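J.: Given next are the chains, with one letter for each unit.
Protein chains: 2
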Amino acid sequence: MSGALYVIGLGPGPACWLTPEAADRLARVSDVYGYAPYLARLEPRPGLARHASDNRVEIERAQAALAAAAAGRSVAVVSGGDPGVFAMAAAVLEAIESGPSEWRALDVEVLPGVSAMQAAAARLGAPLGNDFCAISLSDNLKPWALIERRLIAACAGDFAIALYNPASAARPQQIHDAFRVLRDHRAGAAPVAFARAVGREDERIAVTTLAQADPSLADMSTLVIVGASTTRLLARQAGPPLLLTPRRYEAPA
Amino acid sequence: MSGALYVIGLGPGPACWLTPEAADRLARVSDVYGYAPYLARLEPRPGLARHASDNRVEIERAQAALAAAAAGRSVAVVSGGDPGVFAMAAAVLEAIESGPSEWRALDVEVLPGVSAMQAAAARLGAPLGNDFCAISLSDNLKPWALIERRLIAACAGDFAIALYNPASAARPQQIHDAFRVLRDHRAGAAPVAFARAVGREDERIAVTTLAQADPSLADMSTLVIVGASTTRLLARQAGPPLLLTPRRYEAPA
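Line by line, the protein sequences give chains Y and G. Following this note's numbering from start to finish, the first sequence increments by one per residue and tops out at 253. Following this note's numbering from start to finish, the second sequence increments by one per residue and tops out at 253.
Rather than coming from a laboratory, the hints here were simulated on the basis of the structure. Here the structure is a predicted model, which is why all the values come from computation and not from measurement. For glycine and all other residues, C-beta sits at the position ideal for the given N, C-alpha and C. Heads up, a few of these hints could be off.
Which residues of chain G face chain Y? A partial, calculated answer using Cβ under 10 Å [what the hints assert, rightly or not]:
1. 30
2. 35
3. 37
One side only, chain Y facing chain G, incomplete, derived with CB under 10 Å [said to hold, decoys possible]:
4. 35
5. 143
6. 154
Next up, chain Y with everything else stripped away, as it sits in the complex (with noise of 0.2 Å):
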């Protein structure tokens, strides 16, 4: 029994932010695991079988690809973005956490991608360049009133905040909760972008700022940056202005 088990970030989209030692892996597995969009990316090939599963299942998806390592196949796991930012690293572990020891013993590599906030702070600029924080506003598996309070701890804080999963269809409503908090938190003023889909074909981004953001902007597709209280626009002869957090941070205190 040689199985192994691989936890492969795919990165936001295109296959030019696909790290080579994820494309290697990917080109040796007998299986793959993910959800359906996700395998959708990957090239068909003799040899490698694709088990398909629905968004929200990650337990189980983590599990029937456990069970395969276990019979000794070799197995990746793939996530869209960095499997280890609000993706399947964690998932994984969780499986094998509460499952049959002999998980214990399996070979298991998490393998890192260019995850969605990365690929949103390069398009916007630098908004990202100082102290920031990622916050998902998903509370199928934590109390509302937690993310509130990170919220208010980010402000607090003055980080700059990238929000991943902003609003689904079963959760319209979490985003608009979210800018309220925000804005009761920090200045009106903040530069704001909703990067959605980047490095997609159907890409947009729209800078604003906290004060003047319409939230129904950010979907599924949508990671929304909120900048700190040094967060600046950079504007460009070409293109829409850029989104600058700096190195130095001037104390007003």
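Got chain Y sorted already, so can you dock chain G onto it with the hints?
T.: Frame of chain Y; chain G shown alone:
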């Protein structure tokens, strides 16, 4: 005048973590600017002029690169990791902001890379599997009071914390000061990892707790991760324990 400037992330070290986008662009520019150890990672080739500079002269490096681009060259500025995370993207935008207006007409593009934080997280399992923040402990450009405020806010929000630039020869004390603050605001049982030079030959990982950690394990090449209240260890039959910050948050309050 058709100069362009690319701000390129080389990833944490090994070529297997360099994106195809970055590799492709580096194969086509005429000039590359960077801190000498990062330039040393690039294969020499005819037609590529390398401009090595020292650490801590980011603005001067950015200005030189922008001047070359304005003179019609195709220029890369390289960072280790991701250029958007405590690296050259912000410095380049700052230089444009305070530079001649013609620099605002240049084609400037940021190419994301795998960050040190992600490489460390991948090696450790899933320590950043829920909300997290990234804080640089360098007070070269920001007051220590702000860093302390951000550490306290990160604890108030119960974020997992990635600490960049924990220590250098000139700043051996800050990681000790930071741990003192963290120990006042977070339970001592929180898992802590020192991930040094991940992906490179001298990689070294140490897993401990906030109460027991020896801050002097951190140096310039170390990324320190401090777990949240929910972060726990996952023991395995082979190898060191993994860190897991689960997706689910059981609210104590």
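J.: Next, verify each hint and record whether it holds.
T.: Hints versus structure:
1. 30: At 21 Å from the nearest chain Y Cβ, residue 30 (chain G) fails the 10 Å test, so the hint is violated.
2. 35: At about 15 Å, which exceeds the 10 Å cut-off, the nearest Cβ of chain Y leaves the hint on residue 35 (chain G) violated.
3. 37: 20 Å, violated
4. 35: 15 Å, violated
5. 143: 5 Å, holds
6. 154: Residue 154 (chain Y) check passes; min Cβ-Cβ to chain G is 6 Å, inside 10 Å.
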